[in-house]
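Just so we're aligned, residue 105 is where the first sequence starts under my numbering, counting upward by one.
Please keep in mind that the hints were generated in silico from the structure rather than gathered at the bench.
Predicted, not measured: the structure shown is a model, and the values here were computed from it.
Using N, Cα and C, we set each Cβ at its ideal position, and we do this for glycine too.
Careful: at least some of the hints might be erroneous.
Unchecked claim - Heads up, simulated EDC-like pairs for lysine to aspartate or glutamate below, C-alpha to C-alpha not over 20 Å straight-line:
| id | residue 1 | residue 2 |
| --- | --- | --- |
| 1 | Lys215 | Glu168 |
| 2 | Lys156 | Asp203 |
| 3 | Lys148 | Asp203 |
| 4 | Lys148 | Asp171 |
| 5 | Lys156 | Glu248 |
| 6 | Lys156 | Asp171 |
| 7 | Lys351 | Glu329 |
| 8 | Lys148 | Glu207 |
| 9 | Lys147 | Asp170 |
| 10 | Lys218 | Glu248 |
| 11 | Lys148 | Asp170 |
| 12 | Lys147 | Asp237 |
| 13 | Lys218 | Asp237 |
| 14 | Lys215 | Asp237 |
| 15 | Lys156 | Glu128 |
| 16 | Lys147 | Glu128 |
| 17 | Lys147 | Asp203 |
| 18 | Lys147 | Asp171 |
| 19 | Lys338 | Asp327 |
| 20 | Lys218 | Glu297 |
| 21 | Lys351 | Asp327 |
| 22 | Lys156 | Glu207 |
| 23 | Lys148 | Glu128 |
| 24 | Lys342 | Asp327 |
| 25 | Lys218 | Asp203 |
| 26 | Lys148 | Glu220 |
Stated by the list, open to error - Beta-carbon label-pair distances, calculated as ranges:
| id | residue 1 | residue 2 | range |
| --- | --- | --- | --- |
| 27 | Val123 | Lys147 | 15 to 25 Å |
| 28 | Ser136 | Gly315 | 24 to 34 Å |
| 29 | Leu190 | Val123 | 40 to 50 Å |
| 30 | Arg289 | Glu128 | 45 to 55 Å |
| 31 | Gly205 | Glu168 | 17 to 27 Å |
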Amino acid sequence: MPELPEVEVTRRQIARVLVGRRIETVWVASPSYFFVTPPAQLKKVLLGRVVKELGRTGKYLHAELDDASSLVVHLGMTGQWSAAGLSRSDHIQFRLGLDSGTELVFRDVRKFGKVEWVRPGGSSARLARLGPDALEIGLGPFYERLQSRAIPMKSALLDQSILAGVGNIYADEALYQARIVPTRRARDVTRAEAATLLRAIRSILRASIRGGGSTINDYLQPDGELGGFQNWHKVYGKGGAPCPRCKTVLSRVVLGGRSTHFCARCQR
DNA sequence: CTGTACCCCTGCGAGC
DNA sequence: TGCTCGCAGGGGTACA
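Using the sequences plus the hints, can you model the full thing?
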């Protein structure tokens with residue numbers, strides 16, 4: 105499931121073929137929950153545009169276009185970009201034919217992803233809701249945002265308005281590395297603990313980006329390669345297995361409706 | 001403010 | 001073999 109690292113890996117690979125190119129053909133699937141902007145309109149507004157820049161905030165990608173509009177894309181659970189010929193042909197949501205001859209394909213089996221066109225001078229409500237990006241936020245703002253909340257730390261890390269980009273996998277991994285139990289109330293975390301946690305978040309996200317992201321079920325890099333970071337997971341998906349630090353059997357609970365993995369002995 | 005249920009959607013594994 | 005069922009999950013919304 106794409107979180108910040110998978111989205112960043114995608115951004116880097118897609119940027120290489122997309123930035124500076126003109127969109128010459130657009131194919132769109134039928135209207136669905138996926139299309140925040142209706143597919144017919146999307147096709148019309150994208151045709152002929154040149155992509156100036158491809159940015160990322162949290163788990164969102166945003167392509168800045170030459171008419172000052174932008175295209176905002178969220179991968180959801182199963183969204184994936186790929187270069188021509190690499191993708192299966194089912195569940196494709198849209199295809200962009202570029203003036204370089206390259207075709208970019210966006211495929212999303214479950215359609216939990218989102219695509220939205222933002223008019224020149226406009227703004228996306230989805231992007232506006234996001235807190236600072238997890239790789240950008242400083243300790244001061246991070247700690248302050250935790251102090252006002254009584255929710256469990258796991259829920260705090262998943263709340264994209266507090267911090268954008270961390271999802272279920274990296275929340276569990278970061279809390280484990282920082283030795284903080286997922287059920288701890290955010291406001292009870294000390295500044296020192298917040299510092300340790302933020303360092304853990306940064307180091308894990310960066311390591312995952314270097315490894316090409318985590319592939320659990322669906323995620324593929326745009327070049328078709330699997331991610332590699334799943335092999336470095338310490339706790340995610342490992343309930344019942346021994347803790348790599350102390351050998352205690354790892355716990356799996358449901359917290360805030362999300363499966364949560366941790367060591368009840370190492371994490372306090 | 002917080003927690004919970006529910007919805008979007010599809011594939012997959014388990015049980016019969 | 002083939003059916004049904006429960007589960008997974010990012011994010012939004014409704015509601016207690």
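Does the alpha-carbon distance linking Lys218 and Asp237 stay inside the 20 Å limit? Since the Cα atoms of Lys218 and Asp237 sit roughly 19 Å apart, the hinted pair holds (cutoff 20 Å).
Please check whether Gly205 and Glu168 have a Cβ separation lying inside 17 to 27 Å. holds, 23 Å
Decide if the proposed pair is consistent with the structure: Lys147 and Glu128, CA atoms, cutoff 20 Å inclusive. holds, 11 Å
Between Lys147 and Asp237, does the CA-CA distance stay at or below 20 Å? violated, 30 Å
Are the Cα atoms of Lys215 and Glu168 separated by 20 Å or less? Violated, at roughly 23 Å.
Under the criterion that the straight-line Cα-Cα distance not exceed 20 Å, is the pair Lys148, Glu207 satisfied? Between Lys148 and Glu207 the Cα gap is close to 18 Å, so the pair holds against 20 Å.
Quick check on a hinted range of 40 to 50 Å for Leu190 and Val123, using CB atoms only. 19 Å Cβ-Cβ, so the 40 to 50 Å window is violated.
Pair hint Lys218 and Glu297, alpha-carbon separation not exceeding 20 Å: violated, 35 Å
Would the pair Lys147 and Asp171 pass a check requiring their Cα atoms to be no farther apart than 20 Å? holds, 15 Å
Holds or violated: are the alpha carbons of Lys156 and Asp171 at most 20 Å from each other? At roughly 10 Å apart (the allowed maximum being 20 Å), Asp171 and Lys156 satisfy the hint.
Just to be careful, I want the Cα atoms of Lys148 and Asp171 compared with a cutoff of 20 Å; is the pair within it? It holds: about 13 Å lies between the C-alpha atoms, which stays within 20 Å.
Are the Cα atoms of Lys218 and Asp203 separated by 20 Å or less? violated, 25 Å
Violated hints, in rising order: 1, 5, 7, 10, 12, 14, 19, 20, 21, 24, 25, 29; the structure is consistent with all others.
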